[in-house]
Amino acid sequence: MSVAIDVQVVSKRFRLYHQKYTSLKERVVHGGHVPFEEFWALEDVSAEITAGQTVGILGRNGSGKSTLLKCIAGILQPTAGQVVVRGQLAAMLELGAGFQPELSGRDNIYLNGSLLGLSTKEIDRRFDEIVAFAELEQFIDNQVKYYSSGMYVRLGFAVAVSVEPDVLLVDEVLAVGDERFQQKCMDRIQQFQRDGRTIVVVSHSPDLMRDICDTVLVLDRGKRVTMAPAGEAIRIFRERLIESGFASAPPPPDPAEPSAGSAPVEITTKRRTVQLLGANASYARQDERNYVETGEPIDIRVDFDVASPISGVQFKITLMTERGAIVFSSTSSGAVAGMPLDIGHGAATFMFDSMVLLDGRFSATFEVRDSGGVVLDILDPGCDFEVMNPGRAIGIVGLPMRVEVTPPGSSELPQAASSAR
Amino acid sequence: MAMASEAGVSASVDTQLDELPPAAGGTPPRPSPRELPYRVVSSKVRLGVRVREIWESRELFVFLVRKELKVKYKSSVLGLLWSMLNPAVVLMVYYVVFKYVLKNPTPDFALYLFSGLLVWNLFATVLPGSSSTIVANAGIVKKVAFPREILPLSQVGTGVVFLFFQMIVMALFLLGFQYSPDWSYLPVALFALVDLIVLTAAFAIFLSAVNVYYRDVEHLVAVLLQAWFWGIPVVYNFNLVYTELVKLHSFHWLMDLYLIDPVTPLVLAFQRAFYGHVDVAVPSQAHYQVLAGYSAGFYLEMLLAVLVAGVLLLVGAMKVFGRIEGNFAEEL
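From first to last, the protein sequence lines stand for chains A and B.
Residue numbers for the first sequence, in this note's numbering: 1 to 421.
Residue numbers for the second sequence, in this note's numbering: 1 to 332.
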């Protein structure tokens, strides 16, 4: 396989001026010394991107991912090292960059197209396609200054994707336009992939990466962390995030306020018969990592104190996403539920044989009720746990699934009934 | 494929989607990456490579020049006519002041002025515009990769287009006055035009780059141009200077200094070709010399020297540009 983009030990230094002196007088007055701090946006980053691959550059804000993209594009020159790009390159860093408001859409297609490296002939040939893709047939001869922002962006994208580069660089500009237009954009990207073009995408959205990238390069503070298949790279990226405390860390338990929290039910009635003390999640290799991988078993345990003997209590667990959407809620039942509890300390453990949740941080809250359904105590927040998905699926839940494709022309089409399992 | 390409512009979005991609006629055979041209992004790119990249972007250059022309006079009633009106008014003012107020005895003074102004106008309109062009186009400089020299060069291109408009006016002028230029000096004028473009490009590229770091440059340029204008023989006669310095005081070195200004030979060459009078009989004086009595050979020699200087300046300007270009995107 040949290399389409060869990033060779690239470093980029920025100077952060405390006060920018851009006039000669100011520089002279300050004796030519402008106070600045050096800041390495990229440090010795190397990467080889094979032709035909879709590669993501992942990192949080300020990790140098956009700088690297600009170095590949040739917008910034690396301070040290070099980038070798084979084939025609087009960069989509900003849609409609260089549009002239005074000129018509037609003129702007030609101007923008040639900025992106299209020849006049190529633009002539694709002109109708571009206009149709942007859905601007009626307005193409109007001045761009009268366009709505949506029209502007659509035109920008239509011109950008009409370039048929060997290497396409995309910054997070895909989130434009309405849903339908976004879908068109994604289709276009996939078309590029099928054509065997090399694509480099910069994003801080792991989901997008998982969806479209083969390989992901993870950057952190200007340094290469890893370059690996999407699932693994995203796992490493999120590990880093958690380590550096950027992912929402579990809120520290507040001893002053044991359990009431934001409970919707008042439980101040005298002494609690059963009191929930705290909860924690346990899973394999917990000492060396702080997440559970999708598919692995996990146990979530809630500790309680019983003040007076009681029987028939039910424990309820609720799992929520970070945004508070309930993904699962269930109550202990059957033999466990009827178990008489003596005074003292006990624990209820919710055991999941296989974690079906995908990426994200989830929280568990708990409730305990007596046999009549009266809430005895609530534990909220209970405990948080992080799930890391090594696979390619995105979303909240990894549903078990198989795919069967019946090629056209084969005699037996699967019956509708047979696919229902 | 045929069916797809039949689909009209108004066809539904879905059809369009299927149709959009690879160039008409299906996916072109993709050359193996080994054959693909490659590009190196680094802080050390050789001059030859830069020149090649500029040459490859010549269509962009054309579009940028067209854009300048269109945008400049968009929504104005007179449009491109302004590009001729502006120098025409300047010409008229100078003509009235020098001919009638200061009693300049030069015959056909308007034509004399015009020949010199042609040269100067290119210089004086392009340089302020190109000093600020990188800063003014920060939007694309920060987001699109293209050889940035194209920006100042397109300013030069725009200036040259205006120069041609003015030359048309000049031609009408000559026709109107039934005045014949000195055809034998036309090659000299053309040579001077080449020099002028090279020289202007060198200054334009240099100034556009430096202005990113020192924004005073664009203001400084405006001031310096004011002074410079009087350092070249456009409204006064070269011969006055010559007489004063050489014949009366023998300040040969001062004369050399005067001639070192690369714009002077260009102005002289244009005047020699379009205006043409060297010696004229003037009623008050027996003999009035307007232009220097240099031979064609000497003109060519001067112009060659300017060309060499211009090319050297251009190379120097591109080197400076190349050195600091890498940081444009962050400095803007």
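Treat the hints with caution; some may be incorrect.
[To be verified] Here are some, though not all, of the chain B residues that point toward chain A, as calculated from beta-carbon distances under 10 angstroms:
#, residue
1, Pro37
2, Tyr38
3, Ser57
4, Val71
5, Asn137
6, Gly297
[As the list claims (entries may be wrong)] The calculated lysine to aspartate or glutamate pairs, modelled on EDC-like cross-linking and capped at a C-alpha distance of 16 angstroms, are:
#, chain 1, residue 1, chain 2, residue 2
7, B, Lys70, A, Glu37
8, A, Lys121, B, Glu301
9, B, Lys142, A, Asp380
10, A, Lys316, A, Asp380
Simulated from the structure, these hints should not be mistaken for laboratory data.
Just so it is clear, the structure is predicted and the values come from calculations on it, not from any experiment.
Where a beta carbon is used, it is the ideal one built from N, C-alpha and C, also for glycine.
We went through each hint and held it up to the structure:
| no. | hint | in the structure |
| --- | --- | --- |
| 1 | Pro37 | 7 angstroms, holds |
| 2 | Tyr38 | 4 angstroms, holds |
| 3 | Ser57 | 8 angstroms, holds |
| 4 | Val71 | 5 angstroms, holds |
| 5 | Asn137 | 8 angstroms, holds |
| 6 | Gly297 | 43 angstroms, violated |
| 7 | Lys70/B - Glu37/A | 43 angstroms, violated |
| 8 | Lys121/A - Glu301/B | 43 angstroms, violated |
| 9 | Lys142/B - Asp380/A | 49 angstroms, violated |
| 10 | Lys316/A - Asp380/A | 12 angstroms, holds |
The structure fails hints 6, 7, 8, 9 (numbered hints given earlier, in ascending order).
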